[in-house]
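The whole structure should be built from the sequences, with the hints applied where relevant.
Going letter by letter, the sequence shown gives residues 1 to 508 in my numbering.
Simulated from the structure, these hints should not be mistaken for lab results.
A few of these clues could be false.
[To be verified] Listed next, the in silico DSSO-like pairs over lysine-lysine satisfying Cα-Cα at most 27 Å (straight line): (1) K307 x K344; (2) K422 x K209; (3) K344 x K306; (4) K289 x K344; (5) K306 x K325; (6) K307 x K334; (7) K209 x K344; (8) K349 x K430; (9) K314 x K344; (10) K209 x K166; (11) K289 x K307; (12) K314 x K349; (13) K334 x K306; (14) K306 x K289; (15) K344 x K325; (16) K334 x K314.
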Amino acid sequence: MSANPELFPTIGSVVEQTEKLPVGTQTVELTLDEDRPVQEIESLCMRCEEQGVTRLLLTTIPYFREIIVMSFRCEHCGFSNNEVQPAGSIRPEGVVYTVRVLSRDDLNRQIVKSNTCTVIIPELDLTIPPGRGQLTTIEGIIRDIVTDLSADQPLRRVQSPEAYEKIESILSQCREIVPDDNDGQDADENAAGPISTPKPASEIDAPLKPFTIRLDDPSGNSFAEFVGGMSDPKWNMRTYHRTRDQNVMLGLVADDEPAPEPPKQVEKLEDVEEELGEGAEGQNEEIFKFPGTCSSCGHPSDTLIKKVNIPYFKDILIMSTNCDKCGYRDNEVKSGAAISPQGKRITLKVEDREDLSRDILKARETMLQSETCGLSIPEIELVLQAGTLGGRFTTLEGILDQVYEELSEKVFASGDAAGDGKAFETFLQKLKAVKNAEHPFTLILDDPLANSYLQNLYAPDPDPNMTIESYDRTWEQNEELGLNDMKVEGYEEDAGDPEIKKGDEASE
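Below is the structure:
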């Protein structure tokens, strides 16, 4: 259902209408005046106990959604505060926004933070749990961190020196981002005297150490501003399916509602191999569960394995890990068939977003555990060697999202992007344009073991945009895969060969 444009005008139109109002006019009653988009009401200031003004605005943020902005300001002491609430329903998926802050101009990016959003700054080892909703900027979030953490520092210094030192380390890094001579003075909201407005951090002539800010909101009601369109190389958005605990937190699932029945648990690997060996051609293979430990947080986490037959391809094993404690998720694909005698090269001409929905399988060789598939896009000079991404069973759009996230995280985190100037940002902008299918491009999957697969939308007929060619592996490729020394027939005779025995004794 579309929103009423009279109730939810865009921020730009609100600014235009507000500028047309006579200077000094002020309404202190909450009315439904259509000529005045911002509604105002008198409110008590909790700092100086004088009368301030609360302004309510129903507006729309482009490329996001409708929100309600509530802003309070006291003209007597200068205290101000704002809060934002979504005006629509909870989104069907959670969302993660990632912004790389490389210059002081990036501190002006607008942030919509709902009351279910977690803010993460990895470089500071800082996680801000869900709290009140805010319409602010990246600079505003950093200043809030300084204000909130500085409030109890004198007490921590006496009661918990270790916590004081850790928090002081975070504060020192935040003050380098938003230097301010008045840090900590405004921490006490009940302090007397007017509040001074600090100089914007974007106007400060001081070096900025790059950092990353990430918004993780299971309700999907948060937003981070991009610059120059959605191909902004410093900005990225990723959606995900919520866990059951997140649905309970959002009130979408009752806490006492029974969870889905877990799959069959198998304790021994031999039992799985025996079960998977039987009924390899079956239609509904069973899901097996292995208890293990999460590689991210160390809590117990299970790995699920299922054998799947892909039509017009072969049998594969899909392994999936999902940690309910920290949300870490991973999936891996292994071949469930024999080693192919030839390699395979798949070339796809991507023309529109429909091609991005194709299922893609980038598999690992089963026995040697070595990644074998390379990926390249000639139009943007992207070449990923075998082993870069590991085994994945996803869509073409998903694999490109993973490439973008891993490249941007590793390069920005290491600081290599600063050395190349704008070159790497330009490359990421091209990569984002490719993953959004803004122009046609060519995708090439090259797998010496032929364990990679790309969905044919026209199957069983040939796909006019896709070519598949088989080729003989070189000796070097077989040597790298360990196939030159592999003997699967007649090895019993070699066991009695005296030359082989002599060689084995020498090696021992």
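Going through the hints against the structure:
| no. | hint | verdict |
| --- | --- | --- |
| 1 | K307 x K344 | holds (22 Å) |
| 2 | K422 x K209 | holds (17 Å) |
| 3 | K344 x K306 | holds (25 Å) |
| 4 | K289 x K344 | violated (32 Å) |
| 5 | K306 x K325 | holds (23 Å) |
| 6 | K307 x K334 | holds (10 Å) |
| 7 | K209 x K344 | violated (45 Å) |
| 8 | K349 x K430 | holds (17 Å) |
| 9 | K314 x K344 | holds (14 Å) |
| 10 | K209 x K166 | holds (19 Å) |
| 11 | K289 x K307 | holds (12 Å) |
| 12 | K314 x K349 | holds (24 Å) |
| 13 | K334 x K306 | holds (11 Å) |
| 14 | K306 x K289 | holds (9 Å) |
| 15 | K344 x K325 | violated (40 Å) |
| 16 | K334 x K314 | holds (11 Å) |
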